[in-house]
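Visitor: If you're matching them up, the sequences are chains A, B, C, D, E, F, G and H in order. The numbers in the numbering used here rise by one with no breaks, and the one at position 11 of the first sequence is 11. The numbers in the numbering used here rise by one with no breaks, and the one at position 186 of the second sequence is 186. The numbers in the numbering used here rise by one with no breaks, and the one at position 188 of the third sequence is 188. The numbers in the numbering used here rise by one with no breaks, and the one at position 200 of the fourth sequence is 200. The numbers in the numbering used here rise by one with no breaks, and the one at position 154 of the fifth sequence is 154. The numbers in the numbering used here rise by one with no breaks, and the one at position 116 of the sixth sequence is 116. The numbers in the numbering used here rise by one with no breaks, and the one at position 198 of the seventh sequence is 198. The numbers in the numbering used here rise by one with no breaks, and the one at position 157 of the eighth sequence is 157.
FYI, nobody ran anything at the bench for these hints, they're computed from the structure. We put the beta carbon where it would ideally sit given N, CA and C, even for glycine. One thing to keep in mind: the hints can contain errors.
As a list, the in silico DMTMM-like pairs of lysine to aspartate or glutamate whose alpha-carbon atoms are at most 20 Å apart [stated by the list, open to error]: (1) 24/C to 128/G; (2) 24/A to 128/C; (3) 24/H to 62/D; (4) 129/B to 128/C; (5) 24/D to 42/B; (6) 79/H to 51/H; (7) 24/H to 117/D; (8) 24/E to 117/H; (9) 129/H to 51/F; (10) 79/H to 39/H; (11) 24/F to 117/A; (12) 24/C to 66/G; (13) 129/A to 51/E; (14) 129/C to 128/B; (15) 79/E to 51/E; (16) 24/F to 75/A; (17) 24/A to 17/C; (18) 129/D to 117/G.
Label pairs and their computed distance ranges (CB to CB) [unchecked claim]: (19) 130/F to 50/A: 33 to 41 Å; (20) 25/F to 128/A: 23 to 31 Å; (21) 50/H to 39/E: 51 to 59 Å; (22) 81/F to 128/A: 34 to 42 Å; (23) 49/H to 132/F: 48 to 56 Å; (24) 58/C to 25/F: 41 to 49 Å.
There are 8 protein chains.
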Amino acid sequence: NYARLDTSREQRTGFAEVVYCSGKPDAYLADIYKRLLAEQGEVFGTRATPEQYELVRRQLPDIVYDPVARTLKQERPDKVRSGCVVVCTAGTADIPVAEEAAQTAEFFGAHVERLYDVGVSGIHRLLDKVDLLQQANCVVTAAGMEGALASVIGGLVRNPVIAVPTSVGYGASFHGLSALLTMINSCANCVSVVNIDNGYGAGIIATQINRLACK
Amino acid sequence: NYARLDTSREQRTGFAEVVYCSGKPDAYLADIYKRLLAEQGEVFGTRATPEQYELVRRQLPDIVYDPVARTLKQERPDKVRSGCVVVCTAGTADIPVAEEAAQTAEFFGAHVERLYDVGVSGIHRLLDKVDLLQQANCVVTAAGMEGALASVIGGLVRNPVIAVPTSVGYGASFHGLSALLTMINSCANCVSVVNIDNGYGAGIIATQINRLACK
Amino acid sequence: NYARLDTSREQRTGFAEVVYCSGKPDAYLADIYKRLLAEQGEVFGTRATPEQYELVRRQLPDIVYDPVARTLKQERPDKVRSGCVVVCTAGTADIPVAEEAAQTAEFFGAHVERLYDVGVSGIHRLLDKVDLLQQANCVVTAAGMEGALASVIGGLVRNPVIAVPTSVGYGASFHGLSALLTMINSCANCVSVVNIDNGYGAGIIATQINRLACK
Amino acid sequence: NYARLDTSREQRTGFAEVVYCSGKPDAYLADIYKRLLAEQGEVFGTRATPEQYELVRRQLPDIVYDPVARTLKQERPDKVRSGCVVVCTAGTADIPVAEEAAQTAEFFGAHVERLYDVGVSGIHRLLDKVDLLQQANCVVTAAGMEGALASVIGGLVRNPVIAVPTSVGYGASFHGLSALLTMINSCANCVSVVNIDNGYGAGIIATQINRLACK
Amino acid sequence: NYARLDTSREQRTGFAEVVYCSGKPDAYLADIYKRLLAEQGEVFGTRATPEQYELVRRQLPDIVYDPVARTLKQERPDKVRSGCVVVCTAGTADIPVAEEAAQTAEFFGAHVERLYDVGVSGIHRLLDKVDLLQQANCVVTAAGMEGALASVIGGLVRNPVIAVPTSVGYGASFHGLSALLTMINSCANCVSVVNIDNGYGAGIIATQINRLACK
Amino acid sequence: NYARLDTSREQRTGFAEVVYCSGKPDAYLADIYKRLLAEQGEVFGTRATPEQYELVRRQLPDIVYDPVARTLKQERPDKVRSGCVVVCTAGTADIPVAEEAAQTAEFFGAHVERLYDVGVSGIHRLLDKVDLLQQANCVVTAAGMEGALASVIGGLVRNPVIAVPTSVGYGASFHGLSALLTMINSCANCVSVVNIDNGYGAGIIATQINRLACK
Amino acid sequence: NYARLDTSREQRTGFAEVVYCSGKPDAYLADIYKRLLAEQGEVFGTRATPEQYELVRRQLPDIVYDPVARTLKQERPDKVRSGCVVVCTAGTADIPVAEEAAQTAEFFGAHVERLYDVGVSGIHRLLDKVDLLQQANCVVTAAGMEGALASVIGGLVRNPVIAVPTSVGYGASFHGLSALLTMINSCANCVSVVNIDNGYGAGIIATQINRLACK
Amino acid sequence: NYARLDTSREQRTGFAEVVYCSGKPDAYLADIYKRLLAEQGEVFGTRATPEQYELVRRQLPDIVYDPVARTLKQERPDKVRSGCVVVCTAGTADIPVAEEAAQTAEFFGAHVERLYDVGVSGIHRLLDKVDLLQQANCVVTAAGMEGALASVIGGLVRNPVIAVPTSVGYGASFHGLSALLTMINSCANCVSVVNIDNGYGAGIIATQINRLACK
Ligand SMILES: Nc1ncnc2c1ncn2[C@@H]1O[C@H](COP(=O)(O)O)[C@@H](O)[C@H]1O
Ligand SMILES: Nc1ncnc2c1ncn2[C@@H]1O[C@H](COP(=O)(O)O)[C@@H](O)[C@H]1O
Ligand SMILES: Nc1ncnc2c1ncn2[C@@H]1O[C@H](COP(=O)(O)O)[C@@H](O)[C@H]1O
Ligand SMILES: Nc1ncnc2c1ncn2[C@@H]1O[C@H](COP(=O)(O)O)[C@@H](O)[C@H]1O
Ligand SMILES: [Mg+2]
Ligand SMILES: [Mg+2]
Ligand SMILES: [Mg+2]
Ligand SMILES: [Mg+2]
Ligand SMILES: [Mg+2]
Ligand SMILES: [Mg+2]
Ligand SMILES: [Mg+2]
Ligand SMILES: [Mg+2]
C-alpha cells in the first residue's frame, strides 16, 4: 500500500500507465497487471523477465511475452494503427531496445515499420531505404558503440529523429555513454535523445508526434 | 573555397541553411550572408557577436541583431506563423538559449509563446500557466543548474517536450552536464534532449512537430 | 580484536553507535549486536541481509528485521517520539532508502511522517500534501533518476530539506550520480545533500534538526 | 520585463529575495536593488564585482561592498542576531566562500562566529576550539583541495555540519570536485553538502537550523 | 641548454625532428629553426602563432607561415611526392587540424588529396567521392562534435583510416572527448585514433603507411 | 530473419565477415557458422565461450577453439602467410587480447611474430628484441594498467604501432580507461589506438598495413 | 611458456618476484610457487583465493594463507626485522588492504606496527597514538570513503606518508576514486599516493624508505 | 589578520613554512616574506609571478626569482647539501615543475642532480644515465602527456620514485589527468604519486627520504 497510483495520467497525458517490471516485487506484480487490465481493458509492461511472465500468466493466461523485447502485454484484438513510425537499428544487438520502442508505439496506436541492422559501416543498406525513412512522421534510431546512425538519418529526412543510445558495445563505449554523447552532439538538427536503452520513452514520443500528424 | 555547400538541404530536410556565426572568418561571413539572402530572400544566423553584426550590417543594412539571443537575421516581412510552440525557461539566465530556440521556430514559420522564469523552486508560477502548456504542439524547456523543469512540464502535457540543458550555473553544474543528465533521466516519458545551449536544434525540432500538427 | 570502538560517541555526538552490517564477518556480527544491546539497552543496524538476520536471531530472538529497509534492530518498547520529520520519495523504488532514513530517525526519537511516490511527473500528488510538508522541522527527500523532487519541495517549505540521491534508474543515471548532481545544483536554497543511498545519514541529520526544534 | 518575480518567497520560505549579481545586465541591476530596498527596507546581494558596486552606489549611496566576500548589501542598522552559527575554513583561500556564508547568515538574523585557517594538516589549531564548535547550533565548513575538515568537525559535534566544497586548489582538485566527493563520502554522520563555492546556500540552511533552535 | 636533442631520430624512425612551437620561449625558437634548417636543409613546425612567424622570419626570411594550419616551414623546392593520402573533414571548422595533417604528410613526401566539409548530415557529398577514397593508401579523417564521419568512411575502403577527433563543437562535445569516444568505438574495423586535434600525428602515420605502399 | 547481412563486405573492404560471438543467441550461432563456412570455405569468430564451442562443434566437428584467445575458427589448411606483423604485450594477462589480434592477422594472411611479457618495468626484455620490432611492417601493442609500452616501442621503429589498451588492472585503471588515455597521449608520433580489448580491430588494421607493404 | 620471467629483478631492484595470484591459471600457479620457493628459499603472493590456497597447499604443505589479507606465503623462519613502519586504517573494512601492506613490508624485512580503526570521525583515537606515528620511518595509511586520514597524519609527522585509497564505501565513493582524489590533493606536503587497494605497492615503498633509514 | 600561522610546523614536521604565492593579496605577500625572513633567516616561495617578484624586491632587495620555476627565495649562503636526489623530466615543457621540485629539495638541504628531456620516445637518452639513477636515494619524475617515464625508471632503481604528473599536453591529456592515471597505475612497485604540477610536494618528500638515508 505504498504506491500512490497516478490515476489521471491517461486523461492528462494521453497514455495509460505502463508497468516497468524491473525489480517489482512478485506479490505486487500480478496484482497490478490484474488491476490495470480490469481498468483499461488491456495492459502493457516493459523489462519483464521470463520468471515474471510465468508468474503473471498463472493469473492472466492470455498475457503475451516477447523474450527479445522483454515486453509483457495483453492487447485489445481490434486495435487500428495509423500513421507511420520507422524504427531503425545499427546492429542486431540493438534490436531488444528497438522492439521495446516499436511495440510501445504499436500498443498506443501507431503503425510501425522496422529497419534493422543498417549501421553506418555498410551505409548502402541504409541508402536503399531512404524512401521509407522519408515517409515516416518520426524515426526512432537505436544504436550503441559509436551511435553514428542517428546523424546520417537526420540528414536524410524532414521529420524528427528520436535517438536511443544503447548499452551495446564494450570498452570505451562505457555502457552507452559514448553513443549518448555522439547523439547529443549530432550535427543533424532534427535529432533529440532519450536515456540509454530507453526504447519505451522513444516509443511514447514517436507516438505523440505520429498522433499530431494523424489528427 | 574550402566549404562544400549543402545546397539541397532545404529540399531534403525542409529547412534552409542557417549560418552558425561562431568562429567564422570575417572575410567569409558577410559573403555567405549576401549569397544566402540572394538565394533565399531571407537569411538567419545564430551565435553572432556584436562585431559580426557591424561587419554584416555594412553590406546588408537591413540586417537585424538581437544581442540577447545573438541571432543575426533578415526575415521576409509578410511571414505567416501558425500552430503553437511554447518556450519556457527556469530562470532569467536561460533566456538567451530560449530566445535562440524561439526565434529559430518563428523564422521557420511557427507561432511561439514565451513562458520565462518559471523554475521549480517557485512552482506556482508554472502551475498558473498549465492551460497554455497544454495548448502547445511542442514545449521547449531551457534550464541550467539542476534542470528539473522539464520533468515537471512533461507530467502536465500530452505533446512532446524538447529539453535544452543550459550552461547556466557554477560548481557542480559542470557547464551544463548536470542539467543534461537530469533531463536525459527524466521520469516523464515525453522528454527528449538536445545538446547543452542548443536552442537552435530545439527550435528546429519544435518546428518540425508543429508543422506535422498543422498539416 | 582489530576494531577500536568509538565508545564516547553517544556522549560526544548524541547518537549511539549504529551497526553498518554490510560486509561484516559473521563471527563478529552477532557478537557486536549482543554487546551493544547489553550496553545500550537497544541496538540498531543497517544494510543487513536476510542471512545476517537469521544469524543474529539465533542469539537475540527478539531482534526485528525489515526486508525492505534492510534494518535489523531491537528497540526499547516505551520510546516517545516528538517533533516532525517528513520523509518523501519520488517513486516506489526509492522506498528502501527512505525507510532507512525514517527508521533511523524514529530509533533516535523523532516522529516521522511518510509521503511516498510523489515524484514530479505527477506533481498534483505532492501539491495535495503541502500542508504536511510545511509542518515538518526537516524534510528528507529520496529520489533517483533525475532527482527533481528535492528542488520542488525546497521551494515550498521554510525548514531544511535533506536530499538523498538514490541509485534507482538505468543508463545515464550512472548509479545515482545524475540524481546527486541534480540535488547539489538545486536552485532551492535550503537543500543539502548526502551520499547516494545514504538514508542513514539523512535520518541522523533530520533527527539533529528535529531535536534542536524540540528543545 | 522578462523576469517573473517570486514575490511570495519570503512568506513561503522565510527568506526575502537575494540578488545573485553574477552576469546580471547593468541596466537591470541598479533597478532591482532600488526596488528591493524600497519593498524590504534592506537588500542583500552576492557575487558582485567592484564595477557593479560602483554602478549601484551611484543610485544607492549607502550600499556596502565587501571585496573579499563579494557581497553588496544595505542592512537595517538595528538588527538583533541570535543563536550561534560557527563558520570554519581549512585555509585562507577559502575565506571568500566562508564570508559569503557568514554574511548571509548574519543578514538573516543569526549570530556568527568565525574560525578560519584551521585545516587538518595542523589539527591542533582546530582542537583548541572544540568548545566553540560544540556551542554551535550549526557549523558551516568551507574547504577546498581534499576537504577533510568537514569529517573531523563532524566527529566532534552533536549538531549539523553543512559542508561547502570550494574551488580552491589545482590539478586533481578539478575545481572543487575532489572536495565535493570527500564531503559527500564523509564518514561523519552529520555532514550534508551544498554546491562548490555555494556559501550563500550554506548560510541559508545554517540560518534555518539556527532559527529552529532559537524558537 | 636544458634540451637533450634526439639527434638519431631520423635514422631511427624515418622522420626528422619537427618543431612543436606551442609555448616555446622566443629566445629558443629562432635558434632551433636555424639549427635544424642548417642540419636538414629544410625545417617544419606546427602550432606556430603569427608572432612566432614574425620572430623567425627576421632570421629566416624564406620561412612560410600558414595561418589556418599554423604551420611554419621552409621546404626543399624540388620535393617529389608519391602515393596517395586522402585527408577529409566533416565541417569547415575541422580544416585547421586537417591541414596540419595534410602538410605534415606532404612535407614527408606523400601526395595528398583533400576532401573537406563532407560530414554525415549531408552524406551525398561523401558518396560522390567514393572513388577517390578507395584509391587512398590511407585516409585521415578529422571531425569534431559527434565524429561519425570516420565510421562511414571506414565502411567504404580497404586501407587504414586514421581518425583525428577535433575540439570543434560545444556543450557535451567536451572539447573533443565526444568525437574521441565515437571514433574509438567505431564499428568499422579499420579505424584507429590519435589524440584530439593531433593532425601532426595522423600525418606521420599516414606517411608511414603510404611509404610502405610505395616501396 | 532480423539480420541484414553485409554480403559485399569482402569485396568492398578486403575482409570477409567475422562472427562476434558475444551474446549471439544459440539458435543463430551454429547457423551462421555453417552458412559462412559454406560460402567462404573457412570461418573465423571472436569472443566465443566454451559453451558456444560445444554448440558449434556439434554441427561443425572440425571447428577449432582457443580458450585463451576465445577464437572459434575453421581455417583453410593451405594458407600462405606473408610480410611481418609483431604482436607485443606488457604482461601475461594481456595475452588473450594479443592472441585475438595475432590470430585475426594470421587468418587474413599475415605472418605474425609474438613478443609477450615485455612490459616497461623490466625494459631490458624489450630492448633485447629491437631487431625484431624494426623488421615489422606494423607492431600491435597490447597493454593494460598504465599502458606505457606503446610509447617506448613507438620510439624504436619506423612503421606504424597499433596500440590496444586492455582492461587488465584494478582500481584507477578504470577497466582500461587509464591505458587508453596513456596511449592516445603517446609522445611517440606513430602510435594510433583502438578500443579497449579490441584485439580484433588491431589485427585487421595490422593486416591492411602488412598487405600494402607486401604488394 | 608465454611468460618472460624478470629474473634479474631482485638484483636490480632489491625485491624478489612476488606472485600476483589474481586470475592466474591453476596449472601455472602451483608451478610458479614451487619454482620461486626453490630459487629463493621463500615465496610471497597476494590476492590469493581460498581455492588457490588449497591448490598450492597440495604441493607445498607448509604454505600459509591469511584469508583477510589474502596473502599466500612461505617465509624463512629466522627473519630479522628492523626499523619501524606504521600501518594505519580509518575503519575496520580497510584492514585487508592494510594487512597486504604490512605483510609485504614484514616479508621484505621491515618491523611493522599496526594502528587500525583510527578514522577522523573519532579523532581522539589517532591523537592518542601520535608518539608511535612520530617514531615511524614511514607511515602507510589505508582509507576509503573520504580518505581524510592521510592528511591529518601528514600534519603530525616528519617522515613520508604513503596513502592507499581503498575501494571501501558506496555511492559517490566510486570504488575508491573519491579517496584517491582526497589523498592526491592532500594539503599535507609529505603524502604520496598509490593505486586504489594497492597495499602491496605501499608495502614495497615503505620498505625501501625503512631500508634507507636503517642503513 | 585572518590567517592562523602554523608556527610549530618546522618543529613538528622538519620543514619551515613555504609561501604559496599564487593568489596571495599584494598587501599580505611582502609582509609575510619579511616576517619569515626575520624569523627563519631565509625564505622560500613557489608559484610567484614576475609582478610579485617586483613587489617583494622593493622590500627585500636580495630576493632571487627564477622565472622558469617561478620560485622566489632568499637562501642562507653557506648551506651544505648532502645525499642525492635525481630529478628527471620527459620533455622540456616539464622543466618548470621539475625545477620547483629540485629547488625545494635544495632549499631544504638535499644535493640534487637534474636529468631533463629523457622521455620514453627516445629511450636511449635515459638508458645512458642508469648509473646516476641508481645512485639516487630518491628519484623525482615529472612528465605530462602519457607520463610513461615513471614506470620505466621504476624498473631500473631500488629506491623510491616520486612521480609528478604535469599538465603538459593537449586534448585527451585533460590537463594532467592522463599522466596522473598512468602513474597511479604504474606496474613498477616503487612509484608513488603527488598532485598534478605539484613539484613542491615531490621536493619535500624526496628531501624526507634523502634525510633518512643521510642520517
Ligand atoms: N522501460 C521503461 N523505461 C523508463 N520508464 C518506463 C519504462 N517502462 C515504463 N516506464 C514508466 O514507468 C512508470 C511506472 O513506474 P513505477 O511507478 O515505478 O511502476 C510508467 O508509468 C512509465 O511511465
Ligand atoms: N547505512 C549507513 N551508511 C553510512 N554509514 C552508516 C550506515 N549505517 C551505519 N553507519 C555508520 O557506520 C558506523 C559503523 O561503522 P563500522 O565501524 O565500520 O562498523 C556507525 O557508527 C555509523 O556511524
Ligand atoms: N602538433 C603536434 N602534436 C604533437 N606532437 C608534435 C606536434 N608537432 C611536433 N610534435 C612532436 O613534438 C616533438 C618536439 O617536441 P619538443 O621536444 O617539446 O620540441 C617533435 O619531434 C614531434 O615529434
Ligand atoms: N607549489 C605548492 N603546491 C602545494 N603546496 C604548496 C606549494 N607551495 C607551498 N605550499 C604549501 O602551502 C603552505 C602555505 O599555504 P598558505 O597558508 O595558503 O600560505 C606552505 O606551508 C606549504 O605547505
Ligand atoms: Mg550486422
Ligand atoms: Mg528568477
Ligand atoms: Mg509510480
Ligand atoms: Mg595556512
Ligand atoms: Mg558545412
Ligand atoms: Mg610479467
Ligand atoms: Mg569503526
Ligand atoms: Mg624533446
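Visitor: Hints first: check each against the structure and report whether it holds.
Guide: Checked hints:
Note on residue 24/C and residue 128/G: the hinted pairing is violated, with a Cα-Cα distance of about 26 Å set against a maximum of 20 Å. At most 20 Å may separate the alpha-carbon atoms for a hinted pair to count; residue 24/A and residue 128/C exceed this at roughly 26 Å. Of the pairs offered as hints, the one joining residue 24/H and residue 62/D is violated, with about 30 Å between alpha carbons and a cut-off of 20 Å exceeded. Proximity of residue 129/B to residue 128/C is assessed by CA-CA distance (about 18 Å); at most 20 Å being required, the pair is judged to hold.
The hinted pair formed by residue 24/D and residue 42/B fails the criterion: a straight-line CA distance of about 33 Å is larger than 20 Å. Annotation: proposed proximity of residue 79/H to residue 51/H is violated, straight-line Cα distance about 28 Å (limit 20 Å). Distance check on the hinted pair: residue 24/H and residue 117/D sit about 14 Å apart at the alpha-carbon level, within 20 Å; holds. Among the hinted pairs, residue 24/E with residue 117/H is consistent with the structure: their alpha-carbon atoms are about 14 Å apart, no more than 20 Å.
Pair hint residue 129/H plus residue 51/F does not hold up; C-alpha atoms about 53 Å apart against a cutoff of 20 Å. A C-alpha spacing of about 17 Å is found between residue 79/H and residue 39/H, which places the hinted pair at or below 20 Å, so the restraint holds. The suggested pairing of residue 24/F with residue 117/A holds, with an alpha-carbon distance near 14 Å, which does not exceed 20 Å. Simply put, residue 24/C and residue 66/G have alpha-carbon atoms about 17 Å apart, close enough for the 20 Å limit, and the pair holds.
Distance hint between residue 129/A and residue 51/E is unfulfilled; the C-alpha atoms sit about 53 Å from each other, more than 20 Å. Under the criterion of a C-alpha separation no larger than 20 Å, the hint pairing residue 129/C with residue 128/B is consistent with the structure, at around 18 Å. Using a Cα cut-off of 20 Å, the hinted pair residue 79/E and residue 51/E is violated, with the two alpha carbons roughly 28 Å apart. In summary, the hint linking residue 24/F to residue 75/A is not supported, as the alpha carbons are separated by about 30 Å, beyond the 20 Å threshold.
Distance hint between residue 24/A and residue 17/C is unfulfilled; the C-alpha atoms sit about 33 Å from each other, more than 20 Å. For the given pair, residue 129/D sits about 25 Å from residue 117/G by alpha-carbon distance, which is inconsistent with the 20 Å threshold. Under the hint 33 to 41 Å, the C-beta atoms of residue 130/F and residue 50/A, about 57 Å apart, miss the expected range. A beta carbon spacing of about 26 Å between residue 25/F and residue 128/A agrees with the range 23 to 31 Å that was offered as a hint.
Between residue 50/H and residue 39/E the Cβ separation comes to about 35 Å, which falls outside the hinted range of 51 to 59 Å. Taking 34 to 42 Å as the suggested C-beta distance range, the pair residue 81/F and residue 128/A conforms, at roughly 37 Å. A beta carbon spacing of about 52 Å between residue 49/H and residue 132/F agrees with the range 48 to 56 Å that was offered as a hint. Under the hint 41 to 49 Å, the C-beta atoms of residue 58/C and residue 25/F, about 46 Å apart, fit the expected range.
In summary, the structure is inconsistent with hints 1, 2, 3, 5, 6, 9, 13, 15, 16, 17, 18, 19, 21 from the numbered list given earlier, while agreeing with the others.
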